[in-house]
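Here the UniProt record's numbering is used: the first residue of the sequence shown is 1, the next is one more, and so on.
Just so you know, not all the hints are guaranteed correct.
To be verified - Pairwise CB distance ranges (calculated):
1. D54 <-> G103: 25 to 33 Å
2. N58 <-> G32: 18 to 26 Å
3. A104 <-> L52: 26 to 34 Å
4. E11 <-> D54: 41 to 49 Å
Hints are computed from structural coordinates only; laboratory data are not their basis.
Since the model is a prediction, treat every value here as computed from it, not as a measurement.
For glycine and all other residues, C-beta sits at the position ideal for the given N, C-alpha and C.
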Amino acid sequence: MDPAAAQDVPEPRVRVVRERPPGVALVTDVSGSMNEHHRYKRLQRAITRWILRDAPDNTSLAIIRFSDDVQVVQNLTQLDSEATRRALAQSLNCRPAGGTGIGAGLLKAIETVERSFPHHTLAIRKCYPFLSSALMTLLLPPHTASSLLALGRPAAPGKPGRR
1 MDPAAAQDVP EPRVRVVRER PPGVALVTDV SGSMNEHHRY KRLQRAITRW ILRDAPDNTS
61 LAIIRFSDDV QVVQNLTQLD SEATRRALAQ SLNCRPAGGT GIGAGLLKAI ETVERSFPHH
121 TLAIRKCYPF LSSALMTLLL PPHTASSLLA LGRPAAPGKP GRR
């Protein structure tokens, strides 16, 4: 290669990009209606299983409860050990009571997660059939994803529609 031509070649620039583990806010309904058909117990089992077995390592997890008011049970905590996973699963223990303030729960979840993850928010919540997509658009910012977990009467043991 011509030495003069080699001087015209720019120095390569390397940028290392790493995927950031997700930030997840588990928003749980702990209102009195969750006592019906053992909904909260079933929700608690499903979430516990996800925390202990399925949540990706190093996921940052927040747990938020709502009924008449909103409680941040656990701010974003990195799932970096079995002890941390067990402690977070244990924090789900509570006795459901009161009304259903889902809007306040979702807004608190967004606020909690956006402090550390300003562009990527995931909210997992109980599904309410009366929440229209228009209302969800107003509640959730454009960069927010929501995953639904419905625990209604058809999901009760022995009821039609259970899979």
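How the hints compare with the structure:
no.: 1; hint: D54 <-> G103: 25 to 33 Å; in the structure: 28 Å, holds
no.: 2; hint: N58 <-> G32: 18 to 26 Å; in the structure: 36 Å, violated
no.: 3; hint: A104 <-> L52: 26 to 34 Å; in the structure: 28 Å, holds
no.: 4; hint: E11 <-> D54: 41 to 49 Å; in the structure: 45 Å, holds
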